[in-house]
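Engineer: These are the residues of each chain, in order.
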Amino acid sequence: MAEFKRRKRSSSGAASSSASAAHGERLEVDPEKRVVAVTGAHGFIGSQVVRRLEGDRRYAKILAVDIRKPTLPLDKTAFFKIDLTLPAADGDLAAVLREERADTLVHCAFLGKPTHNATFAHELEDIGTMHVLNAAAEVRLPRLVMLSTTMVYGPHPLNPNFLSEQHELKGHRESRFVSDKVAAERQVRRFRVEHPQTAATVLRLAPTVGPTIDNWVTHFLHRPVAPTLMGYDPLMQCLHESDAIDAFKLAIDAEHDVSGEFNIVGDGVLPYSTVLAMLGKLPLPLPSFVAKPLSRLLWATQVFDSPPSFLDFLRYMCVADGSKARQVLGFSARYDIKRTLADFLGMLGTGIDGTGDLAGATGRMR
Amino acid sequence: MSSGERPDADAPAAAEVLPLQVEVDDEQAPRPAADAQVPPASGAAGVLGDVDGDGDVDQDDYDAYGAEAAPPPGEYQPYAASMDKRAQMWSLGRRSEDDELRELERRLRAQLSAADPIEERRKLPLEFLWKRWREFAMQGRSEAVDEFGRDPVFAGKIDTLLEFLYSKYFRVSVQGLENIPADGRALLVANHSGSLPYDGAMLMHAVKRDHAQHRSVRPLVEDFVFHFPYLGTFMSRIGGVRACQENAERLLQQGECVAVFPEGIKGIGKLYRERYRLQRFGRGGFVKLALRTDAPIIPCAIVGAEEIHPMLTKLTWLTRSLGIPYVPITPTFPLLGPLGLVPLPTKWTLRIGKPLRYHAEFGRAAADDRILVNRLSENVRGKIQEMIDEVLVRRKSVLFG
Numbered sequence: 001m002a003e004f005k006r007r008k009r010s011s012s013g014a015a016s017s018s019a020s021a022a023h024g025e026r027l028e029v030d031p032e033k034r035v036v037a038v039t040g041a042h043g044f045i046g047s048q049v050v051r052r053l054e055g056d057r058r059y060a061k062i063l064a065v066d067i068r069k070p071t072l073p074l075d076k077t078a079f080f081k082i083d084l085t086l087p088a089a090d091g092d093l094a095a096v097l098r099e100e101r102a103d104t105l106v107h108c109a110f111l112g113k114p115t116h117n118a119t120f121a122h123e124l125e126d127i128g129t130m131h132v133l134n135a136a137a138e139v140r141l142p143r144l145v146m147l148s149t150t151m152v153y154g155p156h157p158l159n160p161n162f163l164s165e166q167h168e169l170k171g172h173r174e175s176r177f178v179s180d181k182v183a184a185e186r187q188v189r190r191f192r193v194e195h196p197q198t199a200a201t202v203l204r205l206a207p208t209v210g211p212t213i214d215n216w217v218t219h220f221l222h223r224p225v226a227p228t229l230m231g232y233d234p235l236m237q238c239l240h241e242s243d244a245i246d247a248f249k250l251a252i253d254a255e256h257d258v259s260g261e262f263n264i265v266g267d268g269v270l271p272y273s274t275v276l277a278m279l280g281k282l283p284l285p286l287p288s289f290v291a292k293p294l295s296r297l298l299w300a301t302q303v304f305d306s307p308p309s310f311l312d313f314l315r316y317m318c319v320a321d322g323s324k325a326r327q328v329l330g331f332s333a334r335y336d337i338k339r340t341l342a343d344f345l346g347m348l349g350t351g352i353d354g355t356g357d358l359a360g361a362t363g364r365m366r
Numbered sequence: 367m368s369s370g371e372r373p374d375a376d377a378p379a380a381a382e383v384l385p386l387q388v389e390v391d392d393e394q395a396p397r398p399a400a401d402a403q404v405p406p407a408s409g410a411a412g413v414l415g416d417v418d419g420d421g422d423v424d425q426d427d428y429d430a431y432g433a434e435a436a437p438p439p440g441e442y443q444p445y446a447a448s449m450d451k452r453a454q455m456w457s458l459g460r461r462s463e464d465d466e467l468r469e470l471e472r473r474l475r476a477q478l479s480a481a482d483p484i485e486e487r488r489k490l491p492l493e494f495l496w497k498r499w500r501e502f503a504m505q506g507r508s509e510a511v512d513e514f515g516r517d518p519v520f521a522g523k524i525d526t527l528l529e530f531l532y533s534k535y536f537r538v539s540v541q542g543l544e545n546i547p548a549d550g551r552a553l554l555v556a557n558h559s560g561s562l563p564y565d566g567a568m569l570m571h572a573v574k575r576d577h578a579q580h581r582s583v584r585p586l587v588e589d590f591v592f593h594f595p596y597l598g599t600f601m602s603r604i605g606g607v608r609a610c611q612e613n614a615e616r617l618l619q620q621g622e623c624v625a626v627f628p629e630g631i632k633g634i635g636k637l638y639r640e641r642y643r644l645q646r647f648g649r650g651g652f653v654k655l656a657l658r659t660d661a662p663i664i665p666c667a668i669v670g671a672e673e674i675h676p677m678l679t680k681l682t683w684l685t686r687s688l689g690i691p692y693v694p695i696t697p698t699f700p701l702l703g704p705l706g707l708v709p710l711p712t713k714w715t716l717r718i719g720k721p722l723r724y725h726a727e728f729g730r731a732a733a734d735d736r737i738l739v740n741r742l743s744e745n746v747r748g749k750i751q752e753m754i755d756e757v758l759v760r761r762k763s764v765l766f767g
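Keeping their order, the protein sequence lines are chains C and B.
Okay, so the first sequence: first residue is 1 according to the working numbering, each after it adds one.
Okay, so the second sequence: first residue is 367 according to the working numbering, each after it adds one.
Keep in mind that the hints were calculated from the coordinates and are not lab data.
Since we're looking at a predicted model, the values are computed, not measured.
Some clues are possibly wrong.
Stated by the list, open to error - For each label pair, taking beta carbons as the anchor points, the in silico distance ranges come out as:
id, chain 1, residue 1, chain 2, residue 2, range
1, B, 767, C, 297, 56 to 64 Å
2, C, 174, B, 612, 22 to 30 Å
3, C, 296, B, 612, 48 to 56 Å
4, B, 691, C, 195, 45 to 53 Å
Don't be surprised by glycine CBs; every beta carbon is placed ideally from N, CA and C.
Using the sequences and the hints, build the whole thing.
Structural biologist: Structure follows, in structure tokens:
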């Protein structure tokens, strides 16, 4: 297994200058020997994408980019330590892409959980995406796949029940976590106009839930008590973690043009209260005028790890329509919302989801 | 410690007591370690610890080993000795594999980490309590709702209430239900009134109850009601959908029967003296919708609903800041408090008119002709006003009949 240390600052200048000297030569996709770079390869989505690509013989080499090495047994993956928050990250990344002749870049370096360190979040998500796009433009990369979330539509009283990809990205004006992702998406939109040679795919994942993923949703659902806003019970949607990885694989594999945004969602919706009841959580109903200041206090004192802006997701619907992904990408979720929740509980196949016959095949019995 | 002396001291003793010791082991595998207070990781001493041969493992055994004879934590018997014992076990035909597994398990248990009390928690009846709570919480709701949030279990429960209101309280009589097609998309357009959306619920119930195909009607609910605490959730669970073009189009594409109240909030907030005078029909969105989706428009007149809450005036002062458009003033509200919210038991008549097939006449492209759309919208309004007037002329009493 090849392993590369982070390039020294002095050499990065040389690498980028040599890259620009070679400018004009375009990287091509060789369908039998593809080389895929994955940023955020230590994170859940990134590492699982790397793992899935490892098992596919069409992929000759995988370039894992992160600040920490993925904790997986890797055969054809090379690790590159590049910190996307550093100013020279774009040059470093471009040099790696050019040297390894990468044809696809999968950009998963996003935060799964909101952080109090807003500066770091901004540097990683917004500026990090800028670096990634700069690198992709520099090497004239054929393909780019980026992670995003359906939260970018924002919880809004005027949302239709099913948000299509054309819907405006309202985000949430108080939420750094959402607005950084909206900013990243806007950059990709601009990039697509300026660099039509790169097919840029954005996968907007519905809140991803599963037995092994660690993000704000699973954190929220691991607590025995969950707050609800009195009188409000919006419909919720979720995506199973393995379906999320499937969608990435489809987008990376695709032999036709899959440029554009896609909502990646699991089938079915459930009211928030039913989700809590199915998971056996104790709901804590609060009027909004109590919930908001309370949540602000708990967030400011770092007791609670969901910012106050997330309360709006418990108030208004933010459900996306996955029909475009089904038609263009050929993606259909294997887990509907009920099975996803059952799997999250570790009770898949125990009858909770009405699929007792799956006990032996896929169940993780408790 | 000299490893040479231990097999000599140990192996013969083990060989002698082996049959007995295995039997003891069958019943009390995890116990010896705890009882004998043998250092946890010294696994060999736990299982084969019956050195004094009295059939169980106790402090005597530990003493019999001697302090230096007890293997230190993490160190196991020499390979030769254990192989020797295994050979003896095999020759005796005992379940040596089981013993080894049990031994391994015991060693693992001896190295429990701080996180393992969580494992132990599973032995508490918490799981049972959790299941009970889950069953309790799932009462009155189904595990699957349709994509717009209609909950069949909840709607079924509410059905009883709607049936009471329909046949006993408002004594609704329906005319022209046959005008609603047996299947496929249809857009019911009705007048709106009565402060709370009883009319939508009654129209829905009428079609569900008396139509030949018992079709379910999806009423489009205006934002004010949809985002009103509890009321919006309630409407959504019994089949209401937030009124917007995307939702209505999706429903009609799926071949549903959709009910719209184009008067919207202006209709709900009609004063008593304005009753049965139809307000402006929005911006003609429903006509565009019908043209775009090839849906027939079916005009409906709901008579009786406009008197259930005779609103004398409405207060708009300071209410905007509370997020509600107005506070209604009726003869009973707010005078009687919550009791004032009980609607008057008026006699209702629902008349459903002949379908208007504008889509066949003008085609899809007409949806972009704003003047035409407005004219058609006015046509429908005129049609419904006409139907209302016809019913009103024949009506003998507001409350009886």
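Engineer: Is 56 to 64 Å a correct range for the gap between the Cβ atoms of residue 767 (chain B) and residue 297 (chain C)?
Structural biologist: 59 Å, holds
Engineer: Can the suggested window of 22 to 30 Å be confirmed for the beta-carbon pair residue 174 (chain C) and residue 612 (chain B)?
Structural biologist: 26 Å, holds
Engineer: Regarding residue 296 (chain C) and residue 612 (chain B), is the given constraint of 48 to 56 Å on their beta-carbon distance met?
Structural biologist: For residue 612 (chain B) against residue 296 (chain C), whose Cβ atoms are near 33 Å apart, the range 48 to 56 Å is violated.
Engineer: Verify the CB-CB distance for residue 691 (chain B) and residue 195 (chain C) against the hinted window 45 to 53 Å.
Structural biologist: 49 Å, holds
Hint compliance for this structure: hint 3 is the single one not met.
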